Amino acid sequence: MVEVAKTEGDWQVRAVAWELLALSFRYPESGLAEVVASGEWADAADEVAAALGLSMPESWLSALSADGKAEDAAALDAEALLHALRAEATHLFVGAPDPVVSPYEGVWRAADDGVQALLFVNPHSMEVERFCKACGLGRPEGTNEPLDHVATECELLEYLALLAGGLAAPAEGAPAPEALPGGSPAAAYHEFLREHALTWMPRFAEKTASEARLPFYRAGAHLLAAIAGAQA
Numbered sequence: 000m001v002e003v004a005k006t007e008g009d010w011q012v013r014a015v016a017w018e019l020l021a022l023s024f025r026y027p028e029s030g031l032a033e034v035v036a037s038g039e040w041a042d043a044a045d046e047v048a049a050a051l052g053l054s055m056p057e058s059w060l061s062a063l064s065a066d067g068k069a070e071d072a073a074a075l076d077a078e079a080l081l082h083a084l085r086a087e088a089t090h091l092f093v094g095a096p097d098p099v100v101s102p103y104e105g106v107w108r109a110a111d112d113g114v115q116a117l118l119f120v121n122p123h124s125m126e127v128e129r130f131c132k133a134c135g136l137g138r139p140e141g142t143n144e145p146l147d148h149v150a151t152e153c154e155l156l157e158y159l160a161l162l163a164g165g166l167a168a169p170a171e172g173a174p175a176p177e178a179l180p181g182g183s184p185a186a187a188y189h190e191f192l193r194e195h196a197l198t199w200m201p202r203f204a205e206k207t208a209s210e211a212r213l214p215f216y217r218a219g220a221h222l223l224a225a226i227a228g229a230q231a
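When we follow numbering that gives the first Met the number 0, the leftmost residue of the sequence shown carries the number 0, and every step to the right adds one.
Hints are computed from structural coordinates only; laboratory data are not their basis. Every clue listed holds true.
Restricting the straight-line Cα-Cα distance to at most 25 Å, the calculated cross-link-like pairs of lysine to aspartate or glutamate (DMTMM-like) are:
| id | residue 1 | residue 2 |
| --- | --- | --- |
| 1 | K132 | E171 |
| 2 | K132 | E154 |
| 3 | K206 | D112 |
| 4 | K206 | E87 |
| 5 | K206 | E154 |
| 6 | K206 | D97 |
| 7 | K132 | E144 |
| 8 | K132 | E18 |
| 9 | K206 | D111 |
| 10 | K206 | E144 |
| 11 | K206 | E28 |
| 12 | K132 | E190 |
| 13 | K206 | E18 |
| 14 | K132 | E194 |
| 15 | K206 | D45 |
| 16 | K132 | E177 |
| 17 | K206 | E57 |
| 18 | K206 | E194 |
Quick caveat: nothing in here was measured; it's all calculated off a predicted structure.
Whenever a hint applies, use it, and build me the whole structure from the sequences.
This is the structure we're talking about:
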């Protein structure tokens, strides 16, 4: 069992780790392609793994190393990479009629329960939505994405880690720290890990790593699996 008490530095590293994972598993935008093409993503992932003392697969970042190209050439690479990332994200996480790897907790938990998964209205997705709202976080205006998406759950854990480390103030209109689930940001963080993230993210990561055709998604999955495993 992970201890609730953490130093400010520990919480900061955890916040950075979840932020990096949230960026990695959202639908790709130009910012992601740029940091992957430049080697910044690999550098950040390596630093996070080292700071958390994670045991990573050998050469897990070798295919993502910066290649030292000129800035203009790297920009062209980033543009091409964005198209490749979007195609792979669609293949893995959107699919038709079903994704290769569902990015939603409710789908995984419904399979565990032996029932059909219905986005938004299955009990596990609704529990995540209630938990997010109890932390003062909701669906961004103009979006219709279930809150049990892997990237959104990573964002919630990032937010709670920042609060637990005293590294951020509560979001506007959000509950005071003592009003969060469990009575503190640290308690809320560990409750969400135990009740939600750790029930499905390790399996999501394992399947993503096995199904991904691009090195980036394999590396992201390895990082998620290691971070989840370290906190189980």
